[in-house]
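Enquirer: Line by line, the protein sequences are chains A, B and C. Be aware that the first sequence starts at 5, since it is given in this note's numbering, and climbs by one per residue. Be aware that the second sequence starts at 5, since it is given in this note's numbering, and climbs by one per residue. Be aware that the third sequence starts at 5, since it is given in this note's numbering, and climbs by one per residue.
Keep in mind that a hint or two might mislead.
Since the list gives no way to pick one copy over another, a pair counts as held whenever it fits inside one copy or between any two copies.
Subject to a maximum C-alpha distance of 20 Å in a straight line, what follows is the list of computed SDA-like cross-link-like pairs (lysine to any residue) [as the list claims (entries may be wrong)]: (1) Lys260 x Thr116; (2) Lys203 x Gly75; (3) Lys459 x Glu174; (4) Lys456 x Gly75; (5) Lys459 x Thr322; (6) Lys459 x Gly75.
In case anyone wonders, no lab produced these hints; they're calculated from the structure.
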Amino acid sequence: MAMREDRLLPADPAVRPVARRLYEAVRNLPIISPHGHVDPGMLLADEPFTDPTALFITPDHYVTRLLHAGGVTLDRLGVGSPAGANSRDAWRLLCENWALLRGTPVRYWLETEFADIYGITERPSAANADDLYDRIAGAAKRPRELLDGFGIEFLATTDDPADDLAPHRELARIVKTRIAPTFRPDAYLEPARPGWAEKVERLGAAADTDVSHYQGYLAALESRRRYFRANGAVSADHSHADARAEPVDNPDRLYKKALTGDISAEEGAAFRRHMMLEMARMSSEDGLVMTLHPGIFRNHHPGSFERYGPDTGHDIPTTVEFTRALQPLLARHGTDPGFHLVLFTVDATVYSREIAPLAGFYPSVYAGVPWWFLDNPSAIRRFQESVTEIAGFSRLSGFIDDTRALCSIPARHDMSRRLDAGYLADLVCTHRLDEDEALETLTALVSDQPRKVFKL
Amino acid sequence: MAMREDRLLPADPAVRPVARRLYEAVRNLPIISPHGHVDPGMLLADEPFTDPTALFITPDHYVTRLLHAGGVTLDRLGVGSPAGANSRDAWRLLCENWALLRGTPVRYWLETEFADIYGITERPSAANADDLYDRIAGAAKRPRELLDGFGIEFLATTDDPADDLAPHRELARIVKTRIAPTFRPDAYLEPARPGWAEKVERLGAAADTDVSHYQGYLAALESRRRYFRANGAVSADHSHADARAEPVDNPDRLYKKALTGDISAEEGAAFRRHMMLEMARMSSEDGLVMTLHPGIFRNHHPGSFERYGPDTGHDIPTTVEFTRALQPLLARHGTDPGFHLVLFTVDATVYSREIAPLAGFYPSVYAGVPWWFLDNPSAIRRFQESVTEIAGFSRLSGFIDDTRALCSIPARHDMSRRLDAGYLADLVCTHRLDEDEALETLTALVSDQPRKVFKL
Amino acid sequence: MAMREDRLLPADPAVRPVARRLYEAVRNLPIISPHGHVDPGMLLADEPFTDPTALFITPDHYVTRLLHAGGVTLDRLGVGSPAGANSRDAWRLLCENWALLRGTPVRYWLETEFADIYGITERPSAANADDLYDRIAGAAKRPRELLDGFGIEFLATTDDPADDLAPHRELARIVKTRIAPTFRPDAYLEPARPGWAEKVERLGAAADTDVSHYQGYLAALESRRRYFRANGAVSADHSHADARAEPVDNPDRLYKKALTGDISAEEGAAFRRHMMLEMARMSSEDGLVMTLHPGIFRNHHPGSFERYGPDTGHDIPTTVEFTRALQPLLARHGTDPGFHLVLFTVDATVYSREIAPLAGFYPSVYAGVPWWFLDNPSAIRRFQESVTEIAGFSRLSGFIDDTRALCSIPARHDMSRRLDAGYLADLVCTHRLDEDEALETLTALVSDQPRKVFKL
């Protein structure tokens, strides 16, 4: 594997030296990760990673979906019931099918992780699968050892509003990295979904608040947000089928219907869209940054969902609309001092059409960097171009890794720094920025911008 | 600031010399500006520009929206009530926040204007803000002096159908540039909007025509179009929420309802869509080029609209559809001899999907170059690729600056010439065009194509 | 004309040598063409091509639409009634208007064809039109002579389900190329269209099956598919207004209504969407690869349709949606062993948003390469980037020429090989692939991948 110094930097011999200078200046800056899915319990337990499959394959739907598309059934990779698969066999499947990953960032990240963490620079194959397995298993790194080595200054997890957050409090005592919970209330805002009433009941219990009426439900949400803030949270994260935020006249009535289970899917969606306005109001009041990433058709393949559960690689993007959907929300809160709204998407068409124009007027709106299906070099390049040429660099969120794979965090941030350096070098070489400005901009993207946007 | 000769030309050392040769050949050709928003009254008054803020900031929503997104309230920039702001303070805000413009074409244009008009090549900052202010104020250029210096051969303004156009007639006597009005009837075609009846009344008065019935309304529009043509107009410009053109059975009845104020929003939209067919018919008959740019959500932030008025930076793009929307119009007039329809968009997805295929069949349809939120290098590059590979170069409108900022006209045309030279140089270096063809094509884009499309 | 060796390879001096090495390795591999519109009767008759206009202009809507947009009426090109036009005059029109084709792949293909088949390397013009005409007419190539010379190993035609396929059987005896029919049942699945009942009648006759009831209709379709398979078919091709596949409760009732002509447009669409599920079921059972290319507004200009017929250049793309539309189909058949579904589009926005994510999970789904309005270098580049970074290279269909112009087949495949080589060279030079992997990948795209996807 070619772990060459210049990887991902522009090939153009006029641009590469500039990109290299820029990249070198930020390469070792601390990592700020304001949104992701690392399990705080895992950090607390700090069990050594002795199973390469459990570390790199089974929990990472980026990896499993590509192998699945290539004909490997998910059970052979341990998805759904990790204990059901043979770890070494699953590892061999990855190595044998290494060519399936060509051209994807998944390959790039794994390559970087193998090299930087385990010193492995051979290309995985059927021939060396067992050797690689043994070397990784033998190294037995501990999660907190990795966390330290990665230089992660800030790491946000994603948490249920009813969570106690005990691991976060405990970790605050024992790790240098600031590990912050994130308030993720999706399930509490969809009253037509099965199990909603029980969830709200638990929320009420956690908040010690009577949730038998709508005002109590609002109070419970506000209370839990305060609790999250008190435990270090900086943001509230929202992902629904669409981005619409629209008031209803009768939230109390819909809430009552929901509690009795007598609410239609349409009414449930209306209530949820109403609650997006409430969430924005609360963010404006309590200061939690609001992050939004709508437009995913979740669990597209029912057979796989039934057998393997959610987050198993068949959440598929759909079209997204922000301009009309967010107008009522921005009419109310778009210029509220201190309100921050970060817009993410997996529909790349909205970057230049909607997100950049919104972020280029509203002081509250920031363009979330490409993630999930768009966290690859070409999509990132199109994002850089589309958004910065309309809204400038100061309206970007800074890089977000959004990952549940601890080991991939430095690889993902390194990719981002290289791509940002490359884009800025192009601006320098076409005389659109001077090199000192490019350097200042790159440093801001890596350090200052996420601190500002996420109020660190 | 690096006002280097090669700015915006491709960095690739194999391509840049070709691009440079091409650019040099067209760099000084006269400017043709078939659509824009310069105030003819300002040209007639010819007052010297002594206020840098009034010249570069307050009236230009490109600049004010970026500063607003960066936290500068619009009142401090004089938006809404120019007299209310301190001009020097506003100028300082621009200079202090210069970094907000990095990566945007707004910065590129301002840089070019400062250098080419005022000889200012320092990068604006808090430190030199006052000095720059004084140098610009002290130079006190007059609008017509600038117009001459810019080499503008043709300049279209945008005008109300009831306008007398006296400034245009007067200017025809005293300036070399041909200054043509443009017929912009949007407000007269939206009968459900407040104030429509009064507007139509004024139109009838201007046309000396009885507009108490639908046929009289049509006659008044036709009469005013003739008046515009007689005063030099070459085009009629249309911007509505969508591009739909569909006949209604009963325009007379809707017209009557509209006059009494008894028309619903749906009926108003139906009437407007019917009128788009009538506008196409009139263009086909009287020869005014029809330009269309739908799909903007205007005045997205009601608070800013109420306080600062329209065109203050929060018109936000939405999705646009042309294929189905324009089918009835093109079925009737798509092959009419002499009918020209120029399609603009702020939704870049329609370039390859709809505009280029339409312009690649209908002899009447031209692809309008990217403007407004898409008038930046990367969007222009994607337009060049998407449209010319499907429809060739002969179906493009030629460059349109669409600006209300007089000083930015040469900077915008220069940017376009550089980007076209760069794209054509790429085609030469990948052996898709010979250099003589590239040169001929570039010259056509700058000179022949706008003359042909806008019938100059 | 610059028929230079390096055409279409990246201009970047760091990348071009790598691209050249890669391209050279696949340049002469046999051509596999799994979907196209060459007339098998023409191959069987094997009449020499003596009329350059009949060979290069009249039947090729790629060429005629560009000339039409440039002001040449279709009758002068022989469209609609080839005998009605003067062949030499039409040829002169192409040569005089050669500049209309600048920047398009049509020019690139014609240039390649003129050079490689007829040794013509002059740029066409009014001056040399007659000379070129005479040289092409004088060469009088025969279709099968060309077929051999082109190195086409596999060529699929597109055929009506009721066709006897006699030419295919005859050709199997006399040509080396494997010429396979393709099952194209669109017209039989749209019961609200005029003439449907007669078509179904003919289908029943061809299948010797009673089609007076729904089960018989299904049986007739199944029978004809078996017949196609027995005659070498490998795929069934589908193109409707949308991609939706949804069951109806009462197909029998809708079928009965359709037979009596008493079916609404909505019911017809519902029946067709139901039948898409049946088509997927049959493909899953009989192994014919299912190819889908929805989203074209056909015969957009009624005047041209009435005068010149279908396929005359005014089929215009519209938006397409796959994620929701195909969910019921993929829920049923997405993981069926042996089921292959190739998704094509003329709406480029779905590549990264929908097609790549679907192909990156479902083992049955393949991303069809860009065709029709997207078969040009920049659209192909965006496809390469968008799809491979999400789904890898192994989920691509391999190149599809989709052409009715026999002579353009090698030119189109050559363009594809050059562009693939260029993209892979970029990955090598940015250290994302090693060169041996790039070479293996390119060879797979040209040879192995179409064989695997189309089960050759």
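Enquirer: Each hint should be assessed against the structure and marked as holding or not.
Expert: Here is what the structure says about each hint:
1. In this assembly of identical chains, the alpha carbons of Lys260 and Thr116 never lie at most 20 Å apart, being 53 Å within a copy and 62 Å across copies at closest.
2. Taking the shortest alpha-carbon separations for Lys203 and Gly75, neither the intra-copy value of 38 Å nor the inter-copy value of 40 Å comes in at or below 20 Å.
3. For the identical chains of this complex, Lys459 and Glu174 are neighbours neither inside a copy (23 Å) nor across copies (58 Å), given an alpha-carbon limit of 20 Å.
4. Proximity of Lys456 and Gly75 under a CA criterion of 20 Å is satisfied inter-copy only: 13 Å between copies versus 45 Å inside one chain copy.
5. Taking the shortest alpha-carbon separations for Lys459 and Thr322, neither the intra-copy value of 31 Å nor the inter-copy value of 31 Å comes in at or below 20 Å.
6. Within a single copy, Lys459 and Gly75 get their C-alpha atoms only as close as 45 Å, which misses the 20 Å cut-off; across copies the closest is 16 Å, which meets it.
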